[in-house]
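Using the supplied hints, reconstruct the complex from the two chains, each of which is provided in its own coordinate frame.
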Amino acid sequence: MGLREILWAEWVAFYKDLTRRKSLIVSFIVYPYILTLLFIIMGLAVGGLTSFGQRFHVSAITFFLTMSYLMLTLLIGADMIMQRPSSDMWAGTLPYILASPAPRVLRYLAVALPMLAPFIVQGIVCLTPVYVYYYGVEGSVLALLVVFLSVLAGLFMVPIAMVIMGLAYMVSEEGWRIINIARPLLLILLGVYYPRYLLPLVFRVATMIIPSSSLVEIIQYMLINNLTMSLASVLLGIATASFILLLPIGSKTVARWEEGLRFKGVKEY
Amino acid sequence: MPRSPSVEAIGLIKRYKTKERKGLFKGRTIVIEALKGVSFKIYPGEVVGLLGPNGAGKTTTIKIISTLLIPDEGEAYVKGYDVVTEADMVRKNIGVMLTVEKGFYNKLTGRENLEYFAALYGLSSNIIKKRVQEVLEIVGLEELGASDRLFEEYSLGMKARLNLARALLRDPDVVLLDEPTLGLDPPSARKIRDLVKGLAHREGKTVLYTTHNMFEAEIVCDRIILINKGITVAEGTPDELKDKIMAFRTVKIMVKGEPYRYDKLKEIVGIDLEIRKENGLTTIMFKARKPEELIGDVIRVLVSNGADIVKLTVEEPTLEDVFVYYSGKG
Ligand SMILES: Nc1ncnc2c1ncn2[C@@H]1O[C@H](COP(=O)(O)OP(=O)(O)O)[C@@H](O)[C@H]1O
Ligand SMILES: [Mg+2]
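Chain order of the listed sequences is A and B. Under our numbering, think of the first position of the first sequence as 913, with each following residue one higher. Under our numbering, think of the first position of the second sequence as 0, with each following residue one higher.
These aren't lab readings, by the way, just hints derived from the structure by calculation. Careful: at least some of the hints might be erroneous.
Heads up, simulated BS3-like pairs for lysine-lysine below, C-alpha to C-alpha not over 25 Å straight-line [what the hints assert, rightly or not]:
1. A:K1176 with B:K310
2. B:K251 with B:K310
3. A:K1176 with B:K265
4. A:K1176 with A:K1164
5. A:K928 with B:K101
6. A:K1179 with B:K18
7. A:K1176 with B:K18
8. A:K928 with B:K129
9. B:K255 with B:K241
10. A:K928 with B:K243
11. A:K1179 with B:K91
12. A:K1176 with B:K91
13. B:K228 with B:K251
14. A:K1179 with B:K228
15. B:K241 with B:K286
16. B:K40 with B:K101
17. A:K1176 with B:K35
18. B:K101 with B:K91
19. B:K129 with B:K106
20. A:K1176 with B:K228
21. A:K1176 with B:K25
22. B:K91 with A:K1164
23. A:K1179 with B:K129
24. B:K251 with B:K196
25. A:K1179 with B:K25
26. B:K101 with A:K1179
27. B:K310 with B:K265
28. B:K106 with B:K40
29. A:K1176 with B:K21
30. B:K35 with A:K1179
31. A:K1179 with B:K263
32. B:K78 with B:K196
33. B:K106 with A:K928
34. B:K255 with B:K286
35. B:K251 with B:K276
36. B:K35 with B:K276
37. B:K310 with A:K1179
38. B:K196 with B:K40
39. B:K251 with B:K263
Just chain B, same shape as in the assembly (with noise of 0.2 Å):
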């Protein structure tokens, strides 16, 4: 039997009017297209990155599927319920964070701020205090004494951690999270990919994560959807990604002296030849698919023209290498 998407979006698109003022009555309406064709699906059990650069449509997308935004065409399903038209049955199901720095009173510590929203949404009193201990120590806020704190003394990391402990009261089975690393400071960063890794992997959760950071996507996600300018463009694990784009590995030799021979190098190797010279060593760099096969020639060359060579690295492709060829492509 088919695995069914606890996540699923099918064409998503939202454009945004908003009014260009001219002048004190003056104005037009301009409609930015946020979304144009958004489509995927995500399974009980995974982390899946959104990954793209600012503006890209990624918190527009977090915001459908948490029945915060309706769109203006496509549809969106969690657990199979339509986040339209069934958005009660979607909220009882999902956690959202959407900044990390804001989204609670700041005369509540952290404490209050969680059970007042624990009752908002509909826990019973007689659990609400016992579940919002709980979440306090699953996020470490219990751990740095900062539970009893007033939330507008927290620091950024406390915030992202409060934000994320909200998202969890419901013990929900989706999360979705919009950038929830966004500015932190590392360990905080770390304990909030670790713990996202954990609901995913050790409690089966389906978490959609959205990132403007290839590293962090490399290393959080169990699959990646690169979007750009409201249009998914490719999607896959990190390594099924960078295969896509044929692992143009780049390869760096690092010499002293002057080779010259350029001419002959960019025979072999063809014209995506570089050539970097600092404190007397030269670095030749090129990318190849298989750079196995040219390797040798290459080095024949140089050693023939009195190179002496210090060091050579051939380097895997990084997500930032994907993420240039697709939006150079888009």
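Okay, chain A solo, but in the shape it has when bound (with noise of 0.2 Å):
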């Protein structure tokens, strides 16, 4: 039973799936602009696009495009987990797969995966222009960078949603409207919609228990040209320590949820 396998499966699947539903890659490449539109429009609301320069040393559109891109990275990652269990209740595919051997936390790494893989290209096309044009030539690098990054964010939050995940549904059959709930949630402790650097001490400290939280305050450092090279490889310290922490603990709670319906049986549709 080798991770090769299980990956290369999910990574077929889902390619297969995805190049047979055309309006998705569609909406793949024009989400992060969308969404950064939308950022800018409430930006205005509030209180124009230089006077968000001002306060917090970084342009709006910068802010707001990393922030779009950031949060699809994060949010595909963990979606792609969270969501699974419900397609597959629906598709009648659940009970075989909990009736595989398959080791769960290589299953679901390879799950996350092969959505974040696109997610580099789309980080590159969209990045690259904005960040030249602010930063200068090295904007590219720091393009190549925040991608990494970003792509890393996503993977880290592959226990995170195992445990949300295996949560929910312990709940309710229908976990995934828990799991709407606990998807903004998740976003605002994960501190993609401000500058983390201007939270209180006790939450920024508190939110890092989930690992990616830590990749996007490095992110937002580096937007504002102010990382140093300490600080960098702390955070990115604590991002693989809960990582590596939470992986098992995301493992007993999809263990725990299978266990609940094995007793239960598995709805069928």
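So this is what it looks like as structure tokens:
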């Protein structure tokens, strides 16, 4: 039972599915721009773009475009996992998946990875021109770094998504309802809507339990050109540590949920 | 040395708890006792039918054996492995089919779906393609030219075949099939039945096959376990089951005209006499264990009353009779 086979299976399944749903591909490309537009309109209503730039030392467009992109990678990594039981219930595939010996952590990493890969391309295409405009040529290096960190942040969402998914579906067969509430909450805790470095320390530390939040912080520091090497390594260390810490917890939660299903019987539609 | 069973169920009991909703917050838990003590043994190389009406507990039994459901009481073993505590070992030895029409991804082809599950089931990448091709050929999807079509475009018969194909991916010794021909067109149903028989008789696999169709159980299964309301009510080969209700064979005598002396006939055959009139013909029916001892007397009465005998048949009991007999008792 290798990671290779599971990865390959999810990869093929995902891309075959994606390429057969044309509308999804289109929405995939325009989504970050639409989100940025939305943030900017909200921003204009609140106080104007220049005042944002003066207060937070970063242009509103750069900030919100980056955060929109980051929000997508974060959500995608988590969503693929959190929505999966629901769609597998509907397709009737869930019992066969429960009966498989595939190690759960490997499987859910495999579920998230294929979806994250196209975001590398999306990120480079979206961010590079804007960064080069605001930061000069170094902007392209910055873009690559941000893309790398964003995709990594998406991957680091896997264990927390497993925890939320397991708990939500344990509480209710219609766990996706709970997940719909958990999702915006998660984004608030992650800090993609605002500069994290302006947060009260208590809140900043508390939210570091979510592995990706430290990566969000690194990216935000990079945007204001204020990231030191030592700060970067501390934050990266915290992110990695909490990711590794959460993996067995995610695995346990999923196992509990599956065990519960074996008592109640897998619901069939 | 006695053969050891490949599947064994001992006193399985399963209760489902569901909520009955009344209004927004009110509700009470109701307990449905789906299995009330199901026991059986299945040996290598046989197709055993779990036959019972809807709601009898067939699916529940299949799910317990396939490790998808934990029983409240009782035990079950597959090749000696406990389905609760050694689920992983059980899973390696079984192939299961839970429905005919679902269980695959719509936007993937039949082949892609099988490759997906093969990977998930732990087949290594160098044999996946080959094995998937094999099972596609076995179930006849290749022959239908359907292997590379999207699952959402499949007919019900193709979906059923793909489901069976998945159950065979790991070449398991024990195959569990829950109503595998439900709603299928006759050619697909026949194909599945033939395949199933072949699996057991040619390859020595053990097959547990549920159905609510007596005709089907009779032609597919080497042995039948009758299940009703969560209890196994009878067990045996199709012939044994018929014998068990002591072969109440049905005699039908069709006559022209009106024989009238029903009282006399009743004296001979007992109260179990049935008379039907249609288009000037009268059909006299009765059930008897040994009809040959009665037919002579019956005919004499009919003829002496001027009846003109058109046709006489003696029918063997069907499984339906067996079923009605046991269900009536249960
Ligand atoms: N998940 C479930 N929750 C509650 N009741 C169930 C569940 N699954 C089955 N039942 C009930 O248990 C009984 C047996 O069901 P089942 O095993 O599906 O029977 P069969 O497959 O023979 O039709 C039925 O009364 C059914 O309604
Ligand atoms: Mg059923």
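Hint check:
Between K1176 of chain A and K310 of chain B the alpha-carbon distance is near 57 Å, which puts this suggested pair outside the 25 Å criterion. Of the pairs offered as hints, the one joining K251 of chain B and K310 of chain B holds, with about 8 Å between alpha carbons and a cut-off of 25 Å not exceeded. At most 25 Å may separate the alpha-carbon atoms for a hinted pair to count; K1176 of chain A and K265 of chain B exceed this at roughly 55 Å. Among the hinted pairs, K1176 of chain A with K1164 of chain A is consistent with the structure: their alpha-carbon atoms are about 18 Å apart, no more than 25 Å.
Proposed proximity of K928 of chain A and K101 of chain B is supported: the alpha carbons are some 19 Å apart, at most 25 Å. A hinted pair counts as satisfied when its Cα atoms are at most 25 Å apart, and K1179 of chain A with K18 of chain B qualifies at roughly 14 Å. Taking the CA atoms of K1176 of chain A and K18 of chain B, the gap is about 12 Å. The hint holds against a cut of 25 Å. At most 25 Å may separate the alpha-carbon atoms for a hinted pair to count; K928 of chain A and K129 of chain B meet this at roughly 20 Å.
Proposed proximity of K255 of chain B and K241 of chain B is contradicted: the alpha carbons are some 32 Å apart, above 25 Å. Restraint check: the Cα-Cα separation between K928 of chain A and K243 of chain B comes to about 56 Å, which exceeds 25 Å; the hinted pair is violated. At most 25 Å may separate the alpha-carbon atoms for a hinted pair to count; K1179 of chain A and K91 of chain B meet this at roughly 23 Å. This hinted pair checks out: K1176 of chain A and K91 of chain B have alpha carbons roughly 23 Å apart, not beyond 25 Å.
Between the alpha carbons of K228 of chain B and K251 of chain B the distance comes to roughly 33 Å, so the proposed pair goes past 25 Å and is violated. Distance restraint check for K1179 of chain A and K228 of chain B: the Cα-Cα separation of roughly 21 Å lies within the 25 Å cut-off, and the hinted pair is therefore satisfied. In summary, the hint linking K241 of chain B to K286 of chain B is supported, as the alpha carbons are separated by about 14 Å, within the 25 Å threshold. With a C-alpha separation of about 29 Å, the suggested pairing of K40 of chain B with K101 of chain B is violated against the 25 Å cut-off.
Of the supplied pair hints, the one linking K1176 of chain A and K35 of chain B holds, its CA atoms being roughly 17 Å apart against a limit of 25 Å. A threshold of 25 Å between alpha carbons decides the hint, and for K101 of chain B with K91 of chain B the separation of about 22 Å falls inside it, so the pair holds. Restraint check for K129 of chain B and K106 of chain B: the C-alpha separation of about 22 Å stays at or below 25 Å, so the hint holds. Distance restraint check for K1176 of chain A and K228 of chain B: the Cα-Cα separation of roughly 19 Å lies within the 25 Å cut-off, and the hinted pair is therefore satisfied.
Of the supplied pair hints, the one linking K1176 of chain A and K25 of chain B holds, its CA atoms being roughly 21 Å apart against a limit of 25 Å. Between K91 of chain B and K1164 of chain A the CA atoms are separated by roughly 22 Å; this keeps the pair inside 25 Å, and the hint holds. For the proposed pair K1179 of chain A and K129 of chain B, the alpha carbon gap of about 33 Å is over 25 Å, so the pair is violated. With a C-alpha separation of about 35 Å, the suggested pair K251 of chain B and K196 of chain B falls outside the 25 Å cut-off, and the hint is violated.
Using a Cα cut-off of 25 Å, the hinted pair K1179 of chain A and K25 of chain B holds, with the two alpha carbons roughly 22 Å apart. A threshold of 25 Å between alpha carbons decides the hint, and for K101 of chain B with K1179 of chain A the separation of about 13 Å falls inside it, so the pair holds. Distance hint between K310 of chain B and K265 of chain B is fulfilled; the C-alpha atoms sit about 20 Å from each other, no more than 25 Å. For the given pair, K106 of chain B sits about 40 Å from K40 of chain B by alpha-carbon distance, which is inconsistent with the 25 Å threshold.
Between K1176 of chain A and K21 of chain B, the direct Cα distance comes to roughly 21 Å. Compliance with the 25 Å bound is thereby established for this hinted pair. The hinted pair formed by K35 of chain B and K1179 of chain A meets the criterion: a straight-line CA distance of about 21 Å does not exceed 25 Å. Pair hint K1179 of chain A plus K263 of chain B does not hold up; C-alpha atoms about 60 Å apart against a cutoff of 25 Å. Our distance criterion of 25 Å between C-alpha atoms is met by K78 of chain B and K196 of chain B, whose separation comes to about 20 Å.
Restraint check for K106 of chain B and K928 of chain A: satisfied, since their Cα atoms lie roughly 7 Å apart, inside the 25 Å limit. Distance hint between K255 of chain B and K286 of chain B is fulfilled; the C-alpha atoms sit about 21 Å from each other, no more than 25 Å. A hinted pair counts as satisfied when its Cα atoms are at most 25 Å apart, and K251 of chain B with K276 of chain B qualifies at roughly 13 Å. For the proposed pair K35 of chain B and K276 of chain B, the alpha carbon gap of about 45 Å is over 25 Å, so the pair is violated.
Between K310 of chain B and K1179 of chain A the alpha-carbon distance is near 54 Å, which puts this suggested pair outside the 25 Å criterion. Taken as a hint, the K196 of chain B and K40 of chain B pair is honoured in the structure, with Cα atoms around 18 Å apart against an allowance of 25 Å. Proximity of K251 of chain B to K263 of chain B is assessed by CA-CA distance (about 17 Å); at most 25 Å being required, the pair is judged to hold.
Of the hints listed earlier, those the structure fails to meet are numbers 1, 3, 9, 10, 13, 16, 23, 24, 28, 31, 36 and 37, in rising order.
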